[in-house]
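A.B. asks: Each chain, letter by letter, is given below.
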Amino acid sequence: DVKVTQSSRYLVKRTGEKVFLECVQDMDHENMFWYRQDPGLGLRLIYFSYDVKMKEKGDIPEGYSVSREKKERFSLILESASTNQTSMYLCASRPGHSPLHFGNGTRLTVT
Amino acid sequence: QKEVEQDPGPLSVPEGAIVSLNCTYSNSAFQYFMWYRQYSRKGPELLMYTYSSGNKEDGRFTAQVDKSSKYISLFIRDSQPSDSATYLCAMTAGNTGKLIFGQGTTLQVKP
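One line per chain: the protein sequences are G and Z, in this order. Per my numbering, the very first residue in the first sequence carries number 1; after that it's consecutive. Per my numbering, the very first residue in the second sequence carries number 1; after that it's consecutive.
Please keep in mind that the hints were generated in silico from the structure rather than gathered at the bench. It is possible that part of the hints are untrue.
[As the list claims (entries may be wrong)] Heads up, incomplete: computed chain G residues facing chain Z, CB under 7 Å, no partners named:
#1 Gly16
#2 Leu43
#3 Pro61
#4 Gly63
#5 Tyr64
#6 Leu90
#7 Pro95
#8 Asn104
Even for Gly, the Cβ is constructed at its ideal location relative to N, Cα and C.
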């Protein structure tokens, strides 16, 4: 079974902090994704990567950046956390032709 | 208008009922259709994956796609309390293309 692991289940950070969310997958998938999930808004794509050191903006990239130095790891960075970035963050991966496999999410609260 | 519309519910049914969950979409290019189940405080897990029109059955679950009406359904037979979750539909035009999600329908199955 595919395993997508997000390093933290819950995080509480202060406004203005730099925040790192880490995601690791164990199936050698080329493609990795970061979404945020909010009530009433559903899942929104922040960034995705189709190869090491490659990244593409999703629908809501503002305030975020990403890093993919190794194939199995995809990091989401909040440069200066704000309260409107309080959300559930979901990492996902897939090989070239397949549905997404999700991690269990990181619930981030910015105070 | 959203590309994918899904009634958020909540939907409450008694144990043993047949459940019908639905999504409508506007993009006729969509060809790959998925249903994800998401338990509280967990990431979405893939339930069903179908290509083009027709039915697909897996145990108590049946996925149905009607491309002419731009309408997809997930049926759950003999529903159980363990089926209580949020169900997300998702679709894409190409197998490696961007996935578009519905908002999710929250289902509660009462014992």
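A.B. asks: Compare the structure with each hint and give your call.
C.D. replies: Do the hints match the structure? See the list:
The closest approach between the C-beta of Gly16 (chain G) and any C-beta of chain Z is roughly 27 Å, which is over the 7 Å cut-off, so the hint fails. Nearest Cβ of chain Z to the Cβ of Leu43 (chain G): about 4 Å, under the 7 Å cut. The hint holds. For Pro61 (chain G), the shortest C-beta to C-beta distance to chain Z is roughly 14 Å, which exceeds 7 Å, and the interface hint is violated. Against a cut-off of 7 Å between C-beta atoms, the interface hint on Gly63 (chain G) is violated, since the closest Cβ of chain Z lies about 21 Å away.
The restraint placing Tyr64 (chain G) at the interface with chain Z is violated, with a minimum CB-CB distance near 17 Å, outside the 7 Å limit. Interface restraint check: Leu90 (chain G) against chain Z, minimum CB-CB distance 6 Å, threshold 7 Å, status holds. With 7 Å as the threshold, the beta carbon of Pro95 (chain G) stays out of range of chain Z, its nearest partner Cβ sitting at about 9 Å, so the hint is violated. Interface hint at Asn104 (chain G): satisfied, since its Cβ lies 5 Å from the closest Cβ of chain Z, which is below the 7 Å cut-off.
In terms of the numbered hints stated before, the structure departs from hints 1, 3, 4, 5 and 7, listed from lowest to highest.
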